[in-house]
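Just so you know, the sequences run in chain order A and B. Per full-length UniProt numbering, residue 1 is the first one in the first sequence, and the count goes up by one each step. Per full-length UniProt numbering, residue 1 is the first one in the second sequence, and the count goes up by one each step.
Be aware that one or more of the hints could be misleading.
[To be verified] If you want the footprint, here are the derived chain B segments under chain A, 3+ residues with CB under 8 Å: (1) 794-803; (2) 857-869.
[Stated by the list, open to error] Selected chain A positions facing chain B (Cβ under 8 Å, derived; list incomplete): (3) L50; (4) K145; (5) F149; (6) L280; (7) E281; (8) G282.
[As the list claims (entries may be wrong)] One-sided excerpt, in silico: chain A residues whose CB lies under 10 Å from chain B: (9) R14; (10) D211; (11) A276; (12) V278.
Think of the hints as simulated: they come from the structure by calculation, not from any bench. Just so you know, even glycine gets a beta-carbon here, dropped at the ideal spot from N, CA and C.
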Amino acid sequence: MKFGAEFRRFSLDRQKPGKFEDFYKLVVHTHHISNTEVTIGYADVHGDLLPINNDDNFCKAVSSANPLLRVFIQKREEAERCSFGVGSLSRRRRPLALREDGPRRRTHLHIGLPHDFRPVSSIIDVDILPETHRRVRLYRHGCQKPLGFYIRDGTSVRVAPQGLEKVPGIFISRMVPGGLAESTGLLAVDDEVLEVNGIEVAGKTLDQVTDMMIANSHNLIVTVKPANQRNNVVRGSRALGSSGRSSDSTASRHSLPTAHVLQNLPPDEMESDEEADVVLEGVLEPRLVPRPPPGSLARVNGAGLAPGLHSPGREGSVQRLLSSLRSDPRHSLALPPGGVEEHGPAVTL
Amino acid sequence: MRRFLRPGHDPARERLKRDLFQFNKTVEHGFPHQPSALGYSPSLRILAIGTRSGAIKLYGAPGVEFMGLHRENNAVVQIHFLPGQCQLVTLLDDNSLHLWSLKVKSGVSELQEDESFTLRGPPGAAPSATQITVVLPHSSCQLLYLGTESGSVFMVQLPAFRALEDQTISSDAVLQRLPEEVRHRRAFEMVEALQEHPRDPNQILIGYSRGLVVIWDLQGSCVLCHFLSSQQLENVCWQRDGHLIVSCHSDGSYCQWPVSSDTLQLEPLRSCVPYGPFPCKAITKIFWLTTKQGLPFTIFQGGMPRASYGDRHCISVIHNGQQTAFDFTSRVIDFTVLIEANPEAALDDPYALVVLAEEELVVIDLQTAGWPPVQPPYLASLHCSAITCSHHVSNIPLKLWERIIAAGSRQNTHFSTMVGLAPAPAPPQPRARLAHELLRHLLQEWPIDGGTSLAPAPPQRDLLLTGHEDGTVRFWDASGVCLRLLYKLSTVRVFLTDTDPSESLSAQGEDEWPPLRKVGSFDPYSDDPRLGIQKIFLCRYSGYLAVAGTAGQVLVLELNDEAAEHAVEQVEADLLQDQEGYRWKGHERLCARPGPVHFEPGFQPFVLVQCQPPAVVTSLALHSEWRLVAFGTSHGFGLFDHQQRRQVFVKCTLHPNDQLALEGPLSRVKSLKKSLRQSFRRIRRSRVSSRKRRPAGPPGEVQEGSSRAERTGLQNMELAPVQRKIEARSAEDSFTGFVRTLYFADTYLRDSSRHCPSLWAGTNGGTVYAFALRVPPAERRMDEPVRAEQAKEIQLMHRAPVVGILVLDGHSVPLPEPLEVAHDLSKSPDMQGSHQLLVVSEEQFKVFTLPKVSARLKLKLTALEGSRVRRVSAARFGSCRAEDYGEHHLAVLTNLGDIQVVSLPLLKPQVRYSCIRREDVSGIASCVFTKYGQGFYLISPSEFERFSLSTKWLVEPRCLVDSAETKNYSRLHDRSGPEKASGRARNSGSQSDGEGVLKEIQSTLEGDRGSCGDWRSPRVAVGYSLSNGGGCS
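Extracted from the complex, chain B is given alone in its bound form (with noise of 0.2 Å):
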């Protein structure tokens, strides 16, 4: 104990420790929570997306990201890009504008806020006059124009927000300059729509809620023309060449208003209400847009029935005698159409929808016959189904990177792949043409591609993997900044449920009216939430997965690249044994689909272990050498040999007097309880989280920042004070027997002679079981059986939870994955020197010597700071200076949010970083590390945040946005094909074989519009060794 507190100041140790730690949080992946407006910038091709709690976000090309956060917090409602500039305006729901920009530091730009405003009226108006309503950045880029409540419509002049008093166009101003028939007919209230000329920046068009429409020229200050519609205007679009406005109203209908300087419009060109006759609801917005075909394309929200779909959230587009009324599983926040962006062209020629709705983006190829979706690079919906548990695997061989793109891609066969790549001349290498053919379905081109990425290549290919709600595993690409969806897995199938998810999608017939075509992937309802996914275990060199859920099932899988029907072996392991006298009151187990199965390419289950009782898998471990999968529940855990197809034994671990685990978390009375009481939680958490993106602090710091939010802790702990009981923990504590951590190890384990396969299983009660394995010889394999037999048990007298059990060889480096050797990734393990136990605890690390398991080391994390460990993995940190120098430690999460670096095998704590607010339970849950020293947990249900412990791994978002450069940007499809193949070919023909073929994959994946510029090559592909990602010790 004296130890640590004196660390004792070794000035080279402190140097060494700044070359290899740092804390960084890098980049946030998936979807934005709650967002609340859309922005996009035609000339920087730039994406932005606000969240109510006050987050701006913009996506350009994959990889260019930015992120910035309002002081305020609050929630912003619209966000307004300058034409032509790298600058934003947002409108915050408290009435104040920000001006936002993106500034070049250093070669990389910045999104920062330069200016923030609130309108004022003058002295003793209405707080209504001033709220406003609509925001129109003038082509100028000098001038804002707000529309609000009061009918006023202000002038602003940027970048100072300064306010033009004289300026404003009041509603009366106008109404005097309108012939008398108009005046009296109708107050105007509030400024529903505002939009400059497209071709004469004198003139606005400024529409009223009540119906009216007119258009207001700037010098002369009058009115050059009026339209007057009888229903309650929504929004308005004014055609590209300035002669027809198209108006959308609250009654379901649009009507068409020719431009003509001098005539009175009463009344409109057409008029029409799309899903009539029968009441409708509002067409919110409507966008009007002109094809090289001639016929135009209309594309609207809402406007549906109002009785029988008046709940669906649709935007219908209607082109060509084609109609479409996109369905969408959660509400439309807002859309926008990606067009001509040339100013001067005479033809809209809309290229793609792109629709923010509350849980996804979805973006529409417009281009395309049958208006398919594109998949998105990034802004992924994690929460599809909610996110149960993650894995991570760092380094994924290339051979098994490829297979799982090749599963992937012929699941995503109904995306669009936009506008085809080009056919590329032949890479020199066979497999680096494999590679570019599996990259062709994976790599769509991406319409919103704006800036330039800079960063480096990732330096390897990294999968997670999540599990899912509704039974499914999702193996998303974690290389780099974008986080994408490479393979979903199902393991539905295996099953029989109420429904058969086949059945839902075909259901829609195509001749009905309205012709609503469900869009997106958000589903968070699960059929059966035994089917949840708990527990994830990949083997990156066999292509191995074990899968284990909420109802006790363990499914290993192996991944065929081609479709096949078979029937899965069952097994049901008996984890009670001879325990008599229990009842379990959960769920039921399970019941699988007897007979062959089709599975798609891809994992394919073979085996299907049933643990009885059916309470969730708690921990798993795979081990593809000897084919073994070990799995625990709350009762007891299991080995099975997935060889043979045979259990090999099952151990209870079940304390007599524990009788909550017998009876089951689900147990019937309580479930219903337990569910209304989550459904609130969430709700609760869902509120706080939008509280939650306080800008970090300075790391490192961790008990600052948080005094305030005590003592309002303790104001309200004084109205109902909080106890807690002290007692040691004592054998008969709840779920002692829960099973925490299982894990393989090949070392000395009875003598100090002969090393032999062990399991490791540790317990919640603090006990650690060790079983001596053996595993007859290849050519033997099938003949003989695995025996296991129990060596060791260790009773911990602290009795916490075990969290982590690792081997270290006689180097003190933590024993190389199973096949990392034979897959000459990593050295053989040191089995000369005597190997050490480690055995993490919530509570204590403590090394052990083996085989005698006595004590050598420990360190009381509990007894010294009150902080529990949440999750431990060991990781390799590399050096920034030295290039193959690097340490192996153990990187730790607290309950209380502070991540740890602990060194292997002395047990001194490094480094300490506060990371996760501690309120934040499910974030310090959701935690994963990578073997590197990276990590990701989510900050809401669909995004996980990155950070980064190392200075070596680093991914995060280092881009450039160019608003010169951009200026005579055009269209994607535009660009030759050719230009992009042959700079891909030179790529990839520069190199030899593997590294090539590494780099190209990368480089595509990695995205950056492909890899269409001439930039990339240079300054990407030279320099980068792949070898730093090789695991070597």
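Bound-form chain A, shown alone (with noise of 0.2 Å):
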């Protein structure tokens, strides 16, 4: 059984939770898995995955229930690839996370492979960025949500040779809500924009970086550096790196050409995640524009292919096309690759 999950419920005592053992025993005797290993974790109140493995963070977990403890009990096995961590559940937005609602209590649930979820936003290139940096990506295409932020001008103060300096900065200014980026939770009020898909803002001004921003909206990549610092992710590694560093130096050191910025991508990621220029054929057919021979000079304008989506028929106008295409948000990343007509004169559909 592929997706087995079981959901309990049982009380505890909260002033006497007793022993570590004896609640495991508990644990598994009530869902009839005596056999397998699992470890248990629960939700603490900040909405942090939590491992519960002695007597004192049981103990922990019964106190801080409030009232229900929800428990999440995984094979083992299953378990070492999810850490347990600070923002590993609201932060993350980890799929356990997402999928844990309403009145269920214990899972035993199956974690499912990245691509079988629509991405929304994500942390990159957390491994080459300065810890005081955060660079996230945010996925429009196929979603309903306005991108949904303001920026600003304002000044950022660096560290220059010549001592403290104050330079013009852009900042996040204001989260439309429900937006797409309030909704991620990485990005904030006051946050300074660093970079837009890999380029430096700095020098630019504010049009041009809204332009740039637009431009940029079906895959945008914005490098900020959070006003609130204290959510950084700490690496061991780089644990000299303190958020007090000049962001000056960290900016210039870790501004690279967008080739290496990105390199955590695949090679054709940037470009596959573009949508692709509708071509229509006389007023009917619809087509998105193919890819081109590989191996030719030529670049691939928009590799969403789609084949076999729509037939309208009738004159429809792109536009009804289009959004048409928006409104079954996951199309493009559910469609197998191939089975395109590279060469014909038009993809009908």
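Starting from two chains that each stand alone, build the complex the way the hints lay out.
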């Protein structure tokens, strides 16, 4: 059984929770999984997934229940892949958290592979950026939500050889409630925008940065220096990098040409995420612009190949076609690659 | 994307780029914005104009131009040439003096500032003590006399500006040397006039504002004589022989005083109030000039009856019983009269009146009866009516050129030809004679003709067409340094307007007093804003012209050498078609004049298409071979067959949600608010533009220099934070249906075996429509209808406005213009290889294959730089090394004011230069590119800056001014005609037919004192091949 999940509800004495070992036995017994090794975790008040593996944290978990305690049970080998930690539930929006809602209590959840889900946003390039910075990718395509944020001019303090220096900077000024940017939780008001899709914004005007962001809105990657520096990812290897370090120097050290900056992405991912232009032959047949033959000098204009989507048949305007494409947010991801007639006059659908 | 960030340094390519591209701002055409001072050197025959932003511009013979800019950016108040020298002194409104000189460097004169100086008084003196009111350069060129507000006259030694403090003529010193009865009558107050005795350099005249005039002996430091008038003194003129002084006064009177050394003159010889007896305004400047005939010329500014004509800007000329008050449409800044330059000559013999008004330069011929105006070869008032659009056509065929000149010459009959050209011996070729005749009208003898232009004759004939708010289109010769008006087309005649334009001129009565006469062409008031011209398209081979305007009117015109009277066919194009329930709240469409209309020779309209709703026409294309015209508005686009006078189709591009486009930009409620806002904006713009002329930084450095402005901008931001919404564009945005570009192409639209005519349209919402056209063959052209069928519709997913569409042939060369191949001026396009479609949006450049429309290449400009494409045009860049090597590329102007060259067909950025300030929105919006890598943009409402991206095509002034040479320069009309003519005949006779004519026309148009100088023929005519203007690929 691939999706083996059970939900059980039982009570514990809040004052005397007892020992962890008893609890473990109770759990495996209740679920009739005595023969499998499991790890037990719980969701704390902040939405973080924390482990229960000794008396102390078991005690802590029970005392923090308010009034229910959500306990997660996973096979040990599966659980290994999903690490506990701060931000693991709410901030990362792991599938676990997304699926875990309503009255379900205990879960034995198969964690789906990323491609089963529609990505909304991600933090990327954690390994090459200074800890004070965060590079956020917003996946707008197929999403009905507006990007939903505003930027403004401001001043930022940098450490220069001559001492502290005020320089102009671009900041997030407002989040649209319910917008994509807000819903990711990765961007916040007063975060300083350092780069847009790998291009530094230093020296650019507000209008230029606005135009850059809108031009990249199908696949927007924003590097920010968060106003709140307490939620930064801390890496052991870079523990020396304190958040008090000059953002100027770090920015210059780490702002690399796009090719480097986006190294964590598969080479054609940038392109494939871009939506393709739509060409209507005559006034009837819609098709997406096909990919040119591989190895040619030409570059792919957009590789979101979507054969067999629609056959409007009637005189559908491009707008209608597009809005229908949008309304199925997953179409372009769910489609198997290939199957496109490369050299035909048009992809007839 | 990666490719563009790592350009990959190919040294050979870098070298080639240096041979192809180079950025220069070469010359400013038009009339200086906000002029503030006028100067003239009779010996150099050069005119100088200073502006409120601190620029000085020098003009001599056509093509002789210099420009200088004071670092202080303060208004230039006075300009004085040092007598007989290539030097001039300027006074700025910060009371600083600047010495400029024309220095010869490697054979070419350059204007440069040598020294600057601020007069300082003794410690503790009031600032007015040294506030300069009058400047007098002494004829020795060693001294400068400075009259001040305190009444003192300071002396400064040139060229170092060394103040000679011990020689100051203070008002006290003058007072002590005056008789008792004068001394106690009044204080002197400021110095209003300073003049040197015309014959005796030891005497100067000092006029004080309270009415006292003294003649001061410089050596003896004594008053030779004095005159006392009862009125405030405005100015003084000293007659050439020194025996008579004419003073003008604040009550509108002038007085004549005879100069005799001993006697005290208490009463003037004659006193007169020319426009009395009612109170008059001051006469601010006066000239009293002697002539051969004995009767003097009296020329003065102002003096009009205060109550009824006090608001007029007038200069009156009185001579031999004739009196005319020239009435200018804008304020008179200053004027001068051109007289005999030789100081030894006995008579003044004035021959021209030069008036600098706020908005134009007017020159009046004083030797021809009736004192007609002379058409200046430069300093054209581009903004006679505000410029609304411009269109450039390179390489005009001679035939069309001649016909336009002929049409224009008939319009210019009211202009003086000064002294008519001496009849030239018949040129050997008949066509040359024709050209010569035509030019007689155009080429007047221009009285300001100092210096010699060394610039090579322009390699080709270029036209710049400007559309104006009043419904006119002006045709400018943009081939050379002088932008000269060739012909003016008015579309007003086609429509019924409130006022009949022909009546206003004849309304002036003959016997009225004062004898006012309107002069000048500046008339910023438009009867009806709907007449404004928005798009122009001229076919240089067929002479067909399409013009489209603010109220959705599209006119197709044909060049006719004869006057004609005919009805204009009217057609309505309903662009909304089936869209129901919408109401246009903007302006109404223009009402066409019914019945036959008389048209003068020139471009005569024969078809009027009126778009419904009558929104402004936003794009226009004309295909003269297929006889089709395409037009687009914010609602859709249409195709019209002007041969059969039939509409082929219309297509509505409107998105159903787009309410704004439907109501129209000029909805009635908004219009007042909007016009108010615009007028404020205009005021602000004029203020901004006074600061605009910063010296251009080194080209290529884009981001430098702006940091300070940014920092100050930042401080302002902190007070009121501006924020911008980040949101992807959607199909529902406003004005997505706005048609931005239309393009005709003969290409492979449907399949790769057959090419056919096609029409392409791009919208604001990133949609490209392609229509396949079937145009009947020529023999059945009138019998079968033109058919159109939509073949493709491309929606760019980034949805940015489409600003350019271009089809490249099998060799990746842009398709030639219609009829270009037929006229053997271009190679036939390559129809073997596959064609490619280039779509330029504001954000990206994209190349698609044809006929499949699959994307091949792209360059994302906005995503990388944050800049957006404002203008794009394909241009051919010639190499400065190899004569016939050239490449086709895209010239691009962005919203940041940068100019870039993007290669074809690989879309690689080649070079980038900062050109226009990013805040200068009107400058960016006005930019036009030529087909050979040059361009124009407005730096003020009245001036075009010309720039060049090409190493090969460069039109810039190169001229020489030599003071020694001009010493015994006699006046123009004293030179013998036959000599001129022989020079010209030699010039044209030595060449073969067509080329000779061309060169002759060009050399004469280029001007340079006609063709009188012998220096001209060997240097210029040799070695200039016209074939390089051929536009072949």
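Output the indices of the hints that this structure fails to meet, ascending. Of the numbered hints, 3, 4 and 9 do not hold.
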